[in-house]
Amino acid sequence: MATQKIPLELTVNGEARQALVHPMARLLDVIREDFGLTGTKEGCGEGECGACSVILDGSLVNACLVPAVQAQGSTLRTVEGLAGVDLSPLQEAFLHHGGAQCGFCTPGMLVAGTHLLETDAVQDEAKAREGLSGNLCRCTGYVKIVDALLAAREGRS
Amino acid sequence: MRGQPSLCDVLTPQSLQEALSLRVAHPEARPLAGGTDLMVPFAAGRLPDRLFLNLWGLEELRGITVSDGEVTCGALTLFREIAVHPLMQREFPNLVRSAKVTGALAIQSRGSLGGNIANGSPAADTPPSLLVYGSELQLTSLRGSRWVPYADFHTGYKRSLLAPDELITLIRLARLGDGGFHYFRKVGTRQAQAISKVSLAAWARTGNGQIQELRIALGSVAPMPIRARGAEKALLGRSVTNPPLDAALEALQADISPIDDLRSSAQFRRKVAGNLLADMLRGLVSA
Ligand SMILES: Cc1cc2nc3c(=O)[nH]c(=O)nc-3n(C[C@H](O)[C@H](O)[C@H](O)COP(=O)(O)OP(=O)(O)OC[C@H]3O[C@@H](n4cnc5c(N)ncnc54)[C@H](O)[C@@H]3O)c2cc1C
Numbered sequence: 001m002a003t004q005k006i007p008l009e010l011t012v013n014g015e016a017r018q019a020l021v022h023p024m025a026r027l028l029d030v031i032r033e034d035f036g037l038t039g040t041k042e043g044c045g046e047g048e049c050g051a052c053s054v055i056l057d058g059s060l061v062n063a064c065l066v067p068a069v070q071a072q073g074s075t076l077r078t079v080e081g082l083a084g085v086d087l088s089p090l091q092e093a094f095l096h097h098g099g100a101q102c103g104f105c106t107p108g109m110l111v112a113g114t115h116l117l118e119t120d121a122v123q124d125e126a127k128a129r130e131g132l133s134g135n136l137c138r139c140t141g142y143v144k145i146v147d148a149l150l151a152a153r154e155g156r157s
Numbered sequence: 158m159r160g161q162p163s164l165c166d167v168l169t170p171q172s173l174q175e176a177l178s179l180r181v182a183h184p185e186a187r188p189l190a191g192g193t194d195l196m197v198p199f200a201a202g203r204l205p206d207r208l209f210l211n212l213w214g215l216e217e218l219r220g221i222t223v224s225d226g227e228v229t230c231g232a233l234t235l236f237r238e239i240a241v242h243p244l245m246q247r248e249f250p251n252l253v254r255s256a257k258v259t260g261a262l263a264i265q266s267r268g269s270l271g272g273n274i275a276n277g278s279p280a281a282d283t284p285p286s287l288l289v290y291g292s293e294l295q296l297t298s299l300r301g302s303r304w305v306p307y308a309d310f311h312t313g314y315k316r317s318l319l320a321p322d323e324l325i326t327l328i329r330l331a332r333l334g335d336g337g338f339h340y341f342r343k344v345g346t347r348q349a350q351a352i353s354k355v356s357l358a359a360w361a362r363t364g365n366g367q368i369q370e371l372r373i374a375l376g377s378v379a380p381m382p383i384r385a386r387g388a389e390k391a392l393l394g395r396s397v398t399n400p401p402l403d404a405a406l407e408a409l410q411a412d413i414s415p416i417d418d419l420r421s422s423a424q425f426r427r428k429v430a431g432n433l434l435a436d437m438l439r440g441l442v443s444a
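Protein chains in written order, with the numbering used here: chain A, 1 to 157; chain B, 158 to 444.
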């Protein structure tokens with residue numbers, strides 16, 4: 001027997017959004033299917049790969065592990081919210097350093113990287129690598145991603 | 158099979174009191190904290206539960222409180238909060254280290270200490286540290302609250318003292334003061350995001366060249382996290398610079414009962430547990 005949906009209200013990338021969803025729906029599915037924001041990717045679906053990284057009330061989380069009901073009333077930032085009129089410095093740095101290859105991990109990398117920069121958690125290469133350790137990339141070997149993150153931190157692109 | 162949110166419902170209490178009432182009215186409702194354990198089998202369609210008790214919003218279960226003699230963590234204290242807490246870093250470094258190696262940042266921002274304990278995995282990373290710090294758990298129901306030594310909490314593989322109407326509410330650590338030796342090391346497949354193959358935590362105090370106090374605990378080497386009482390006994394009162402390593406290693410092998418599983422073999426775990434004990438003792442000499 002199907003259960004009742006709940007009205008979910010969130011601020012998504014600065015805009016008030018609503019959706020009628022099952023309380024145990026994954027935030028990932030709400031983002032992609034109800035809000036139509038398909039930049040957030042599903043990789044493993046079990047919190048290992050970071051492709052679904054989003055910033056929820058200022059914390060970096062895997063959207064695949066958050067039930068919708070626990071996001072009620074919160075403030076959400078997805079990869080779509082990172083660029084303003086121009087790309088963000090981190091996005092520019094990814095372009096410049098070749099931080100993206102197939103691109104599947106890139107939204108998660110950008111969101112996690114943005115969170116690390118905003119929380120001042122990229123003091124050096126070791127910290128950058130530790131901070132990104134929950135985001136898997138099978139193409140780049142990470143060097144270019146870490147280079148991009150360090151460059152953005154120093155205000156270089 | 159995928160998880161079926163359309164078949165599931167969630168009870169969201171506004172207070173601990175209401176949560177405890179719901180625990181009685183709906184004993185089938187599965188407590189849901191940060192979801193980092195539950196959402197994995199749920200999304201894969203492997204979780205039988207259809208009703209959840211959402212603890213996430215309960216302020217009463219949050220926060221780290223420091224008093225003269227003790228530190229108390231709400232069950233919903235997140236790994237991230239432990240990792241960055243200055244007093245925890247100073248006085249309970251093992252717990253901080255274990256919180257920092259639990260998953261990666263996104264897991265640490267959601268995963269709770271209470272969930273790590275209640276989940277009952279023998280491989281969980283904070284339990285060995287909680288054991289060596291002699292922590293206690295507050296279990297609460299409408300009937301009242303009781304404190305139990307964490308060492309008694311797990312009664313077997315995925316079994317515990319928690320009654321069906323109870324929640325874990327607090328975790329209490331007695332402050333040990335300065336000057337102790339703290340050791341924690343986890344061995345997994347990679348540094349981040351790996352479930353432990355073996356983990357070992359220890360706390361010791363030395364004086365007059367002797368090991369005066371010593372507590373050792375391990376993860377992933379028994380049906381539940383355990384204290385290595387035999388190894389402790391072999392080392393207590395003995396010389397710091399020349400401890401009876403062989404006797405301690407032999408006693409350790411009797412303390413543990415690892416199995417073969419998808420992550421490792423019993424033989425490998427026995428070998429690594431011994432290596433970690435030896436590594437800990439080397440650290441103690443040079444401390
Ligand atoms: C990618 C990934 C990596 C991980 N890496 C590690 C790791 O390295 N080390 C490690 O130890 N763990 C790891 N975990 C497991 C998990 O993150 C931890 O066990 C975490 O502490 C669970 O807490 P939670 O709040 O998310 O629990 P939940 O998933 O919400 O709940 C877990 C269990 O505890 C019960 N529960 C929760 N709170 C209470 C309470 N207050 N009272 C009674 N019952 C309660 C729930 O009913 C459930 O059975 C990992 C998980 C993932 C997905």
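Just so you know, these hints were derived from the structure itself, not from any lab.
It cannot be assumed that every hint is accurate.
Taking lysine-lysine pairs in the DSSO-like style, the calculated list, with each CA pair at most 30 Å apart, reads [stated by the list, open to error]:
#1 Lys-127/A <-> Lys-315/B
#2 Lys-390/B <-> Lys-428/B
#3 Lys-257/B <-> Lys-144/A
Some chain A residues judged to face chain B by a derived CB distance under 10 Å, without partners named [what the hints assert, rightly or not]:
#4 Val-66
#5 Ser-88
#6 Gly-131
Beta carbons: idealized from backbone N, C-alpha and C, even for Gly.
Inset, instruction - Just pull the numbers of the violated hints for me, sorted ascending. - result: 1 and 5
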